[in-house]
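Colleague: Sequence:
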Amino acid sequence: EDYVRISAREIHLDAFSDAEQFKKLSKTHIETLNAKHWTVLKSKPNSPFWTSDNPGFSPNTDSRFVEYRPFHSVMELNYKSIIFYVLSPNYCLQITPFFEGTPIDVCATNMDIEYKEASEDLINFINEGVFHSRYKLLISNCKQSLQNRVKFKKNSTQ
10 EDYVRISARE IHLDAFSDAE QFKKLSKTHI ETLNAKHWTV LKSKPNSPFW TSDNPGFSPN
70 TDSRFVEYRP FHSVMELNYK SIIFYVLSPN YCLQITPFFE GTPIDVCATN MDIEYKEASE
130 DLINFINEGV FHSRYKLLIS NCKQSLQNRV KFKKNSTQ
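Residues in the sequence shown are numbered from 10 upward in steps of one, following the working numbering.
In case anyone wonders, no lab produced these hints; they're calculated from the structure. Idealized CB from N, CA, C, for every residue including glycine.
Dumping the calculated DSSO-like pairs for lysine-lysine here, alpha-carbon to alpha-carbon at most 30 Å: (1) 51 with 145; (2) 89 with 51; (3) 89 with 45.
Derived Cβ-Cβ restraints for the label pairs, each shown as a range: (4) 113 with 152: 45 to 55 Å; (5) 70 with 125: 13 to 23 Å; (6) 118 with 152: 36 to 46 Å.
Taking the hints into account, I'd like the entire structure generated from these sequences.
Modeller: Structural data, given as structure tokens:
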């Protein structure tokens, strides 16, 4: 798993060192994000979002793999992907496919961006995704929530 994670990071960095490839990758990235529904999620007072040295991640939406690999270590840019970017301990950007019936001319630059409070379960899901998709660093303004996660992980493996 570490080998795959390191190789994926090297491939991503190599793309940025080639100017032409970087332009193509940037265009794909922008077009994909622009063609999805954006929602800003607000955390609860005692349940902040965590972040990491890998700021965006996608949960695995393929039912064949979700049980064994619930989170991608890189952001997925296909049409059905869901993307989370933690913006701060209080806010997380959730980017999802448009809902059926959304007018074809609607995109991120002209839509009404929805703001809503995240449920405790969704906050825990996002934090778990941040935990699994980080390279090395996990960041939170709530030491207790990180300690609880580490204790839980240790207890579940014993």
